[in-house]
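Protein chains in written order, with the UniProt record's numbering: chain A, 1 to 371; chain B, 1 to 371; chain C, 1 to 371.
Careful: at least some of the hints might be erroneous.
No copy is singled out in the list; a pair is fine if it fits within one copy or between any two copies.
[What the hints assert, rightly or not] Each computed SDA-like pair below joins lysine to any residue, with the alpha-carbon atoms no more than 25 Å apart:
| hint | residue 1 | residue 2 |
| --- | --- | --- |
| 1 | 226 | 11 |
| 2 | 355 | 312 |
| 3 | 354 | 318 |
| 4 | 205 | 96 |
| 5 | 354 | 140 |
Simulated from the structure, these hints should not be mistaken for lab results.
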Amino acid sequence: MSLPPPNLIANARKAMAVLAHRDTPFIFNEWYVAAFGNEVTRQLLSRTLLGKRVVLYRSESGQAVALEDRCAHRSYPLSRGHLEGDVLVCGYHGFRYDTQGELINVPSQHNCPRGIGVREYPLFEQGLLLWIWLGDPALLGTRQPPRLDWIEMPDWECSSGYFHHPGNYVSMHENLMDLTHLSFLHASTIGTPDYASAPYELDLKEGHYKLMRNVVPTTLSPVWGKTTGLDGVNTAARIATSEFLSPALHQVSVTFYDSALVPDNRPEFHIRTAHILTPKTQGSLHYFIVHGRDFALDDKAIGEFMHEQLFAAFNEDVEGLGALESVIQEANEDSYEISVASDAPAIAMRRYLKKRADAEADEKLIATDRP
Amino acid sequence: MSLPPPNLIANARKAMAVLAHRDTPFIFNEWYVAAFGNEVTRQLLSRTLLGKRVVLYRSESGQAVALEDRCAHRSYPLSRGHLEGDVLVCGYHGFRYDTQGELINVPSQHNCPRGIGVREYPLFEQGLLLWIWLGDPALLGTRQPPRLDWIEMPDWECSSGYFHHPGNYVSMHENLMDLTHLSFLHASTIGTPDYASAPYELDLKEGHYKLMRNVVPTTLSPVWGKTTGLDGVNTAARIATSEFLSPALHQVSVTFYDSALVPDNRPEFHIRTAHILTPKTQGSLHYFIVHGRDFALDDKAIGEFMHEQLFAAFNEDVEGLGALESVIQEANEDSYEISVASDAPAIAMRRYLKKRADAEADEKLIATDRP
Amino acid sequence: MSLPPPNLIANARKAMAVLAHRDTPFIFNEWYVAAFGNEVTRQLLSRTLLGKRVVLYRSESGQAVALEDRCAHRSYPLSRGHLEGDVLVCGYHGFRYDTQGELINVPSQHNCPRGIGVREYPLFEQGLLLWIWLGDPALLGTRQPPRLDWIEMPDWECSSGYFHHPGNYVSMHENLMDLTHLSFLHASTIGTPDYASAPYELDLKEGHYKLMRNVVPTTLSPVWGKTTGLDGVNTAARIATSEFLSPALHQVSVTFYDSALVPDNRPEFHIRTAHILTPKTQGSLHYFIVHGRDFALDDKAIGEFMHEQLFAAFNEDVEGLGALESVIQEANEDSYEISVASDAPAIAMRRYLKKRADAEADEKLIATDRP
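Here chain A stands alone, though its shape is the one from the complex (with noise of 0.2 Å):
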């Protein structure tokens, strides 16, 4: 063919118009994870989150820190200086910090002017995670890090990793909330040919976004019936759920079973995906994973098999995209999307992202513009 339709193409790109995509402002007033917490220690550790470069060390009591990584006087990497208890020392001419931020000593005068400082980032501790503020101070308030219980519970051993991915977060979230991508780029790996064309259930609430799979009956990849014992089972049962959380986070739960066993009287095994993602770029991305079981939790084997199985799979996501991140960053006039059916919590999902951007921009709420 040639192309499509004009009128179809010109509807594409109006329905476009409307959807976050790769050059969205990020969003600022929002929880993002900063770190794993136990990457923050008395070293001080730089990274850009949403663009911003930031320092993070932990005080001497062990409370983590996070500061613009910029001095005030000649914008000097703060992460290149060293700490002396819990004043960061900037390497260059040696201005001094406290936890807040707050200059108090230039080293070549008596008197430290007043005033004077970095912003310091709120920081929110929990489990492995460690979240941070970059929005509108004056907003703190307003939102709370999304709460991750099982992360922490007793019956459920936890798995974590993380990629620098080389690709934007809306693509990242768009492919989490189409799982049909499992039958294809995840064949050799977590996906089955059936998963694409399994039923759905939808409940797409404002900032809120959930998919249902029912995959039954089905057979299961490697990974899951060799580590829950249902392997080769044609009767196996596969009830994924994927949910948008916030901007920084999508979780996927899947439950399998033995479909040909009563529900009363069979065992279910439950995993958990906390997909958690921090821009660093327009076109990059930190992507921190935390993965969970409810079964066969003392055994080491398996819960290595498992974190191998499932990090290459998850790797395929990074390579994938970052193929697809050469093709959009290109993007021109020209280009269009076609969205179907299955693309509908996706849709709400970016529609979302960019009515929160156009929201901080319109009312000039991203915090670096507001003293």
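Put chains B and C on the given structure of chain A with help from the hints.
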């Protein structure tokens, strides 16, 4: 000196304004070589041509297929998918396309939306070469791919090669139109000192620019001398014709003989080189080369020697014009070029390329702008 | 803290508006060092200076020559050509230039067009250094290259080095004007903790900014202590003068002695360092260094030890300011700098650089704009 006089610079800039250069838009309504035919197989091949991503493969019957390398759904590179018979399956969500680029199946739903698809690019295979039409589909019949009969003739022996050239196609055409550079850029390979100052004749028709140079008497560089038996003969003749045949093709034809012998009773040796230029981006080029000779047809050693020597020389073009590219990509309003008499065919050619590009822009005939 | 008060930020930005920074246009009407003299030989040397491509070589008589590194014909880098005696032959089509940059031969034709050529840049060689004038030829006589007499004096021993510095020249000048950074950036090499807070005097004249710092009593870091014999003496004196001499040159002069001895009867040791800055691009710099001492003249081991220690320290500047560059190249309208008392000479110097750059822009005196 400080600088040439202002009026000279002003005139030079004025003259350049009507000539194609590095940043002139591509000419789409033309046949270009997409690949050597043997590069296109049942493995998906991704290639950027005139800034467009194209995926190439062969159907089960052996027919070459070229489609836009971007799924209509979410822009995933189709070249990362796989073939099922003649059907190209996207590697992300499994959208299926036929060889015309028409979407024929969406795995997540029963009914496939109609009228959706990606662009199919017409192909024409001749001998070693696979030509592609990236232009306006409505203008497909208005131009023909240049015919290089000698590539297919049994009494010609051919050899081919490819460079991913780090320079623009206009500079390469100009390089080929002005072979006085043989005495300098190719001083140690195919050139001789007398080449630059040899007499020449011009035949400049709109869209077909021809220069015939008579280097007589001369000595031949080893690549020709050793292979024709004229090595060491100081009455050799080298009659070279450079022809711009299309934006995609320049042909060089040379006849060698001993000028001390009578015309009717002397052996003559012919070579031809097709310099096939397919812009990849404004600053890079797929540079395909086919070289043929009508002598020493069965002598494999001579064939290999000639190939090695010639491609060493073409590599000098690639390195030299790559260095040139780094200068001209920094060109600004202060830049200018001074032309001399031997630039006449190149100037005519660049004026023609500019005119073609302008015409496409004016008429908005560039295919991507037309539904 | 969130951020400094809005009026403080507003004032900081206002103050910065009149200061040179990374993106301030270059000052062309000034002498810069193009190379160490011994870098320029009969081999063509290509070097980008203030954004201009220059080719450097020596004539047969040993005279250094600097020409625009771009053939007037088709912009080929002349540095890829070769010398025939004093004549530079372009490596593309063999255009020949004399040492004044005048085109004297075009191989493809009998008559050479007149009045064509490339810019010749005036040079001045002094001691180790080859100075170049890239500015308006009409203003050549209005400024003199700074004279560094000690480089040529027999009772001084010199050592030199070069860094391709990944940062801008304004930041490097500022670094050199504010040596309070010795206590921090150079804490482990040439700095001591008391350096930053030592008393200083200023002498700020238009275009010549001088700061004299008296670090008395102090102890000397090994590079000075071990080489002067004052190692371990806790009554040492370190009297350091930092001088901005031109956009191209900053000089540091230091006197060491034992302050416990009477002035007339104590040995004094002097060192000088010429920090020679020639911008390459807005974000990179040719950083030439010449260091001299008037003691231990014949002690090769001391010379090598001092060179090694000093260049380790200069490398700290290169690394640190390279890291700084990556921050300030991302500067936007939200960025600001807060200055303190010890910044006075740097501020004066940056105001002067800005004024010079503005003057060139206003008067359109940049040489490239003048025929």
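Here is how each hint holds up against the structure:
{"no.": "1", "hint": "226 with 11", "verdict": "neither (47 Å within a copy, 66 Å between copies)"}
{"no.": "2", "hint": "355 with 312", "verdict": "neither (34 Å within a copy, 53 Å between copies)"}
{"no.": "3", "hint": "354 with 318", "verdict": "within (23 Å within a copy, 42 Å between copies)"}
{"no.": "4", "hint": "205 with 96", "verdict": "neither (47 Å within a copy, 32 Å between copies)"}
{"no.": "5", "hint": "354 with 140", "verdict": "within (21 Å within a copy, 41 Å between copies)"}
In summary, the structure is inconsistent with hints 1, 2, 4 from the numbered list given earlier, while agreeing with the others.
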